[in-house]
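Enquirer: Below are the chains, spelled out letter by letter.
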Amino acid sequence: AQSVTQLGSHVSVSEGALVLLRCNYSSSVPPYLFWYVQYPNQGLQLLLKYTSAATLVKGINGFEAEFKKSETSFHLTKPSAHMSDAAEYFCAVRTNNNDMRFGAGTRLTVKP
Amino acid sequence: GAVVSQHPSWVICKSGTSVKIECRSLDFQATTMFWYRQFPKQSLMLMATSNEGSKATYEQGVEKDKFLINHASLTLSTLTVTSAHPEDSSFYICSATLHGEAFFGQGTRLTVV
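Note that the protein sequences, when read in sequence, are chains A and B. Using our numbering, the letters of the first sequence correspond one by one to residues 1 to 112. Using our numbering, the letters of the second sequence correspond one by one to residues 1 to 113.
A portion of the hints provided could be inaccurate.
What the hints assert, rightly or not - Below 25 Å or equal to it, Euclidean Cα-Cα: the simulated DMTMM-like pairs (lysine to aspartate or glutamate) are:
(1) B:K41 - A:D85
(2) A:K49 - B:E101
(3) A:K58 - B:E101
(4) A:K68 - B:E101
As the list claims (entries may be wrong) - Far from chain B, by Cβ distances over 10 Å, these chain A residues were calculated:
(5) A17
(6) N24
(7) S27
(8) T55
(9) G62
(10) K68
(11) S84
(12) K111
(13) P112
Claimed, not checked - Stretches of chain A that chain B covers, calculated by requiring three or more beta carbons in the stretch to come under 8 Å of a beta carbon on chain B:
(14) 37-51
(15) 96-105
It should be emphasised that the hints constitute simulated quantities derived from the structure, not laboratory data. Cβ atoms here follow ideal geometry from the backbone N, Cα and C, with glycine treated the same way.
Chain A with its partners taken away, still in its complex shape (with noise of 0.2 Å):
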């Protein structure tokens, strides 16, 4: 079964510095993994995603993600932290049924 897991249920970063959050992935297949966020009582907004293109992904709002199989990771990264990147992110995998699986989540507090 495929399944992704987030390491770290909450982060902090300062603003301006570089934003990591974890996720790493189990799949027997070439999976198809996504980043999404979410603010509160809000849906996803989808970040990026990785369809075995190029390892290296590139989403909206400067957030890049890395496709590592040796690591079996796809860790979400933002250099530079604004305040406004405050807010709840997942790590999802598409399964073979198209359903999404997701982590458990990730949240994201930026300090002034």
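Following the hints, complete the assembly by docking chain B onto the known chain A.
Expert: Just chain B now, kept in the frame of chain A:
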């Protein structure tokens, strides 16, 4: 990108009553839609797969008689929470897939009092 619209955004109902949540794909057809539930400070968990013209497929532990799903057309799936109880209070989100990408509704905050 494609748009999935969910209605209502929030609803408060009395214990024992039923609530219907609609999920519409506005600019594409979706033979399959998915319903997720998210409890406070938790992740999204798949509840069921809604299939147009056939019965929904429920995940283990989800009561099909309590969470009725109807996918009557290629653009509309409904989730009805029957005889709602306070423990059903949650955030419900639907999604539909187009060209391999999932598009999510805005979510529905259900509060049962």
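Enquirer: Determine for every hint whether it applies to the structure shown.
Expert: Hint-by-hint comparison with the structure:
Taking the CA atoms of B:K41 and A:D85, the gap is about 18 Å. The hint holds against a cut of 25 Å. Between A:K49 and B:E101 the alpha-carbon distance is near 9 Å, which keeps this suggested pair within the 25 Å criterion. The straight-line distance between the Cα atoms of A:K58 and B:E101 is roughly 16 Å, inside the 25 Å bound, and the hint therefore holds. With a C-alpha separation of about 21 Å, the suggested pairing of A:K68 with B:E101 holds against the 25 Å cut-off.
Chain B leaves A:A17 outside its interface by the beta-carbon criterion, the shortest separation being 24 Å against a cut-off of 10 Å. No beta-carbon of chain B is positioned within 10 Å of the beta-carbon of A:N24; the least distance is around 15 Å. No beta-carbon of chain B comes within 10 Å of the beta-carbon of A:S27; the shortest separation is about 15 Å. Residue-level check passed: A:T55 sits 18 Å from the nearest beta carbon of chain B, beyond 10 Å.
Remark: the non-interface label on A:G62 is consistent with the geometry, its nearest Cβ contact in chain B lying 19 Å away (cut-off 10 Å). Consistency note on A:K68: stated as away from chain B, and its beta-carbon is indeed over 10 Å from all of that chain's, at 22 Å minimum. With 10 Å as the threshold on Cβ separation, the claim that A:S84 sits away from chain B holds: the shortest Cβ distance comes to roughly 19 Å. The beta carbon of A:K111 sits about 20 Å from the closest Cβ of chain B, which is more than 10 Å, so the claim that it is off the interface holds.
The Cβ of A:P112 lies farther than 10 Å from every Cβ of chain B, with a closest approach of about 24 Å, so its non-interface assignment holds. A stretch counts as covered by a chain when three or more of its residues have a beta carbon under 8 Å from one of that chain; for the segment 37-51 of chain A and chain B the count is 7, and the coverage holds. Coverage of a stretch by a chain is defined here by at least three residues with a beta carbon nearer than 8 Å to that chain's beta carbons; for the segment 96-105 of chain A and chain B the count is 9, and the condition holds.
In this structure, every one of the numbered hints holds.
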